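Generate the whole structure from the sequences, applying the supplied hints.
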Amino acid sequence: MSSSDGILIWQIDAFADRPFTGNPAAVCILDRYPSDDWMKNLAMEINLSETAFVVSTDDAGSFHLRWFTPATEVDLCGHATVAAAHTLFIHSH
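Going by the working numbering, the sequence shown runs without a break in its numbering and finishes at 105.
Derived by calculation from the structure, the hints in this document are not laboratory data. Keep in mind the model is a prediction, meaning the values are calculated, not measured. Some hints here could point you the wrong way.
Now the in silico label distances, taken between C-beta atoms and shown as ranges [to be verified]: (1) Ile102 - His76: 27 to 37 Å; (2) Ile21 - Leu88: 12 to 22 Å; (3) Gln23 - Tyr45: 15 to 25 Å; (4) Asp71 - Phe32: 16 to 26 Å; (5) Asp70 - Pro31: 27 to 37 Å; (6) Phe32 - Gly73: 13 to 23 Å; (7) Phe32 - Ser74: 28 to 38 Å; (8) Asp70 - Arg30: 36 to 46 Å; (9) Asp70 - Phe32: 32 to 42 Å; (10) Pro82 - Tyr45: 11 to 21 Å; (11) His103 - Phe32: 17 to 27 Å; (12) Asp49 - Asp29: 13 to 23 Å; (13) Ala83 - Ser104: 12 to 22 Å.
All C-beta atoms in this analysis are idealised placements derived from N, C-alpha and C, irrespective of residue type, glycine included.
In structure tokens, the structure reads:
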């Protein structure tokens with residue numbers, strides 16, 4: 013990705029029924045994964061506990077997720093996964 017590529021980022025409050033409650037996570041849906049450094053830097057810029065990066069797989073309706081804190085990639089993040097699923101559902105990916 014170049015620095016001029018536009019991306020969409022959603023901030024979702026997982027496990028919440030109203031704004032400003034729950035557990036916030038950022039969700040970034042991409043066509044392909046950029047470098048690990050790019051994802052870590054974006055997570056650092058957003059500065060939430062986790063940012064989920066979502067890429068569609070070759071299987072229709074199937075997605076691959078990676079999660080980053082502002083410091084490092086993590087193996088799994090439950091609330092960011094819920095936030096990503098919500099974003100995909102709402103935006104019909």
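Structure-based check of all given hints:
1. In this structure, isoleucine 102 and histidine 76 break the distance hint of 27 to 37 Å, their C-beta atoms being roughly 19 Å apart.
2. Here the CB-CB span from isoleucine 21 to leucine 88 is close to 20 Å, well matched to the stated 12 to 22 Å.
3. Distance hint check for glutamine 23 and tyrosine 45: the Cβ-Cβ separation is about 20 Å, which falls inside the suggested range of 15 to 25 Å.
4. Checked against the hint of 16 to 26 Å, the pair aspartate 71 and phenylalanine 32 fails, with Cβ atoms roughly 36 Å apart.
5. In this structure the supplied range 27 to 37 Å holds for aspartate 70 paired with proline 31, their Cβ-Cβ distance being about 36 Å.
6. The hint said 13 to 23 Å for the Cβ distance between phenylalanine 32 and glycine 73, and at roughly 32 Å that hint is violated.
7. For phenylalanine 32 and serine 74, the Cβ-Cβ distance of about 32 Å falls inside the hinted range of 28 to 38 Å, so the restraint holds.
8. The hint said 36 to 46 Å for the Cβ distance between aspartate 70 and arginine 30, and at roughly 38 Å that hint holds.
9. The hinted window of 32 to 42 Å between aspartate 70 and phenylalanine 32 holds, with their beta carbons roughly 38 Å apart.
10. Between proline 82 and tyrosine 45 the beta carbons are some 18 Å apart, a value that agrees with the proposed interval 11 to 21 Å.
11. The given range of 17 to 27 Å is respected by histidine 103 and phenylalanine 32, whose C-beta atoms sit roughly 21 Å from each other.
12. Between aspartate 49 and aspartate 29, the C-beta spacing of about 37 Å breaks the proposed range 13 to 23 Å.
13. At roughly 33 Å, the beta-carbon separation of alanine 83 and serine 104 lies outside the given 12 to 22 Å, and the hint is violated.
The structure shown violates the earlier hints numbered 1, 4, 6, 12, 13.
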